[in-house]
Amino acid sequence: MDDNYLLSKPYLLNSEDLTSDDINAIFAKAKYFLGNYTKGAKFHDLRGITLALAFFEPSTRTKLSFELAAKRLMADTISFASSGSSLSKGESLIDTLRTIEAMGVQMYVVRHGNSGVPKFLQENTKGVVLNAGDGKHEHPTQALLDSFTLYRHFGQVEGLKVCILGDILHSRVARSNINVLKTSGAEVMLFSPGTLLPRYMNAWDLPIASSIEEAVEWADVLLVLRLQRERMESGVLPSIREFSKYFGVSLEHFSKKPELVLMHPGPVNYGVELDYRVSSFPNCLIQTQVTHGVFVRMALLSLLAKFV
Amino acid sequence: MDDNYLLSKPYLLNSEDLTSDDINAIFAKAKYFLGNYTKGAKFHDLRGITLALAFFEPSTRTKLSFELAAKRLMADTISFASSGSSLSKGESLIDTLRTIEAMGVQMYVVRHGNSGVPKFLQENTKGVVLNAGDGKHEHPTQALLDSFTLYRHFGQVEGLKVCILGDILHSRVARSNINVLKTSGAEVMLFSPGTLLPRYMNAWDLPIASSIEEAVEWADVLLVLRLQRERMESGVLPSIREFSKYFGVSLEHFSKKPELVLMHPGPVNYGVELDYRVSSFPNCLIQTQVTHGVFVRMALLSLLAKFV
Amino acid sequence: MDDNYLLSKPYLLNSEDLTSDDINAIFAKAKYFLGNYTKGAKFHDLRGITLALAFFEPSTRTKLSFELAAKRLMADTISFASSGSSLSKGESLIDTLRTIEAMGVQMYVVRHGNSGVPKFLQENTKGVVLNAGDGKHEHPTQALLDSFTLYRHFGQVEGLKVCILGDILHSRVARSNINVLKTSGAEVMLFSPGTLLPRYMNAWDLPIASSIEEAVEWADVLLVLRLQRERMESGVLPSIREFSKYFGVSLEHFSKKPELVLMHPGPVNYGVELDYRVSSFPNCLIQTQVTHGVFVRMALLSLLAKFV
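Protein chains in written order, with our numbering: chain A, 1 to 308; chain B, 1001 to 1308; chain C, 2001 to 2308.
Derived by calculation from the structure, the hints in this document are not laboratory data.
Glycine included, C-beta positions come from ideal geometry on N, C-alpha and C.
Wrong hints could be hidden among the right ones.
[Unchecked claim] Restraint-style ranges between C-beta atoms, simulated for each label pair: (1) C:2255 / A:42: 54 to 62 Å; (2) C:2271 / A:250: 42 to 50 Å; (3) C:2003 / A:42: 27 to 35 Å; (4) C:2235 / A:230: 35 to 43 Å; (5) B:1308 / A:79: 23 to 31 Å; (6) A:288 / C:2241: 58 to 66 Å.
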């Protein structure tokens, strides 16, 4: 690991911000934290740095993951959201940011329901902004922890065949994963009901599976997306039962191909996109993804702290 | 104090989990923390351990008490509840627990409105679960701090006569106290309106006072329960005034017997189960209970951390 | 700086609690923290002290400012508010305070919608209470950070001409600033629509400007208050447009007098009491006020901790 490596951008807004070298540096650092934390090592990479967790959308796993990552690196952290804050007095987001910056906050982890909010904030602060999920746009740290999980499981990401299944259209996870996987040299295939495929598909130029059987046969890895409840009720899908029958992943698919690896960003709708029994399958890496999430976020915070 | 003592169970779900030796070990440790904290000592018993405060019911005193206890032992703590978390996205409790566990959380302090939730979680995690109150079932740390308060006041719990007064039927505090007091060799009597006595009374085989005068005469200690507002409005009681007249504790009772000790788990409904003037009575230990609560919880966290 | 200086009162409830010597001691300490924090120094002034942040009104900036101040001095902090706490079970404020005190909390930062709550709490605790804003009564730390900002900008506060503009009637910021500025020897003028001037004006005996032009000509500093939205809708003002035209501060006023200094406690209603373009004016100190807020609160916490 080269301790002097600088990420190519002093923030993380989109998965396209990351070069192949950036991804390798993040993985090397995450591996270092993973190995040494379990041995009881202490890290001080963010000592003296004040970090704000600004989550304007409900979140358990991503918020806790960043919070634990920041605390394990000795950051001073503050949390705020729109409810109970001055935003309910009608203050604009940008004025709130400037106020927080004036108090000495240097790093911001931002989740927001509107696409582009992290970019907008980055353009208006001298601090470092990390996108923790913005609207239907991007969720780059999720993509990084997914790829790190593949890197740890297979030894490398290059050449892997990854099929992303489910609601591609509304998924920031899909968008970020496609970019990070392609940058790392993986092959990506999609499988989705036609109404849940984005219209701008051509820009990606990715193969589309015509059946789940084809996806299973082709892939080394199935990356299953969460089906948002709102989607089920909005008319783009005939019924949950039908979605589950034609697009859900069942135990049967894994019985035919035991080496197949399963990932899901969580929280899972068991019985909808995934059969519950699959969760105890040995190559189901859903828990491992969560564990790796903390270390990948530690790596990112540590590398981005060099720009503070 | 034997520093190698191991509690008989690697969790605390029910008051029945505690043997007499366990209780003695907890009291010895709590006494140690109490004595040394006030001298300015620092403790590191939970350094490097990540603890989750999972309070699914509103709480001031119990949550703050555990939070302070954990911080004074240098734990990394995270808080979460159902609102604002992924539970609002329909994720099951058990999946949330597994996610949090995958992030490296090793101890859980759980309060939930449904009886049995802490037990259910314990059966599904490798971490250590502490019950901070579950439905109408148990509140074992309250019982421990109550007994610790008696132990400090009287020198021993064995042989003490404790009368529990009020809404026994709906009280997790009563249930846990009866077990801990009996394990420690105290005698227990109950006093309650007939509609607020549990039907399974026979299992406890405890004497019932027929009037508050009888209770006062018999007891060394009155442990007065909080009358839940819902109860007052539900028809099981004729009126607050009548409850207060026949079942409330007044200054008069203490004037007759100044050595009588008064405890209450709080928050008190003054004017309902207790006369406000009683709170300044010298043997009223309500504030002492709160103070001891932090040290008893430190003791428990420290002893249970050996199982992490 | 005299390290043995003791504030004249062991709390901060009202701006009148502060003598001229107190203010000088707070400024000297704040200047010390400001200079040394940016050099990377660590402070331990509140190590071992437990501080409660009790905010019963929504707040971003004041709460975060106190939280950062307390953390940078190594305090153990706990937060609580009425929602989600036992106050929703009907417990009185004073019983909640006593409970928290029994857990070992020694300092309280209190914001409440009702005037006088901090004073009421101070009279019922052995701990140290800081008023972080109570109803329409006082907001003394805001006044201190405003004066500290003037002290840093001009070298001294004595003799400065400060005009306070806007909704004087409902403003705890105005009330506290008038006292602190007068104690420090500044001259104060007011400018406000007649319906937003307090009836007890005579007690202050302050000059009133008859137009914004007069205010600009007279003043070294304009301290513009936030116009509460409720006020705009309540009929005391004809329309926002009219308020903005006759009582709002525009770029034009600063073009005529570039040395004029602008302050505002935030959050600003741009387009109402202040033209947005004014915020980039070099003598606009709004961000500086926020930055100084953290250091002034550190100074106060440090000086008040001597009474713990």
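Each hint, compared with the structure:
The supplied range of 54 to 62 Å is met by residue 2255 (chain C) and residue 42 (chain A), whose beta-carbon atoms lie about 56 Å from each other. At about 58 Å, the beta-carbon gap between residue 2271 (chain C) and residue 250 (chain A) misses the expected band of 42 to 50 Å. Between residue 2003 (chain C) and residue 42 (chain A), the C-beta spacing of about 33 Å keeps the proposed range 27 to 35 Å intact. For the pair residue 2235 (chain C) and residue 230 (chain A), the beta carbons lie near 42 Å from each other, so the given range of 35 to 43 Å is met.
Range check, residue 1308 (chain B) to residue 79 (chain A): Cβ separation about 26 Å, and the 23 to 31 Å hint holds. Checked against the given bound of 58 to 66 Å, the beta carbons of residue 288 (chain A) and residue 2241 (chain C), roughly 60 Å apart, stay inside it.
The structure fails to meet hint 2 from the earlier list, while all remaining hints are met.
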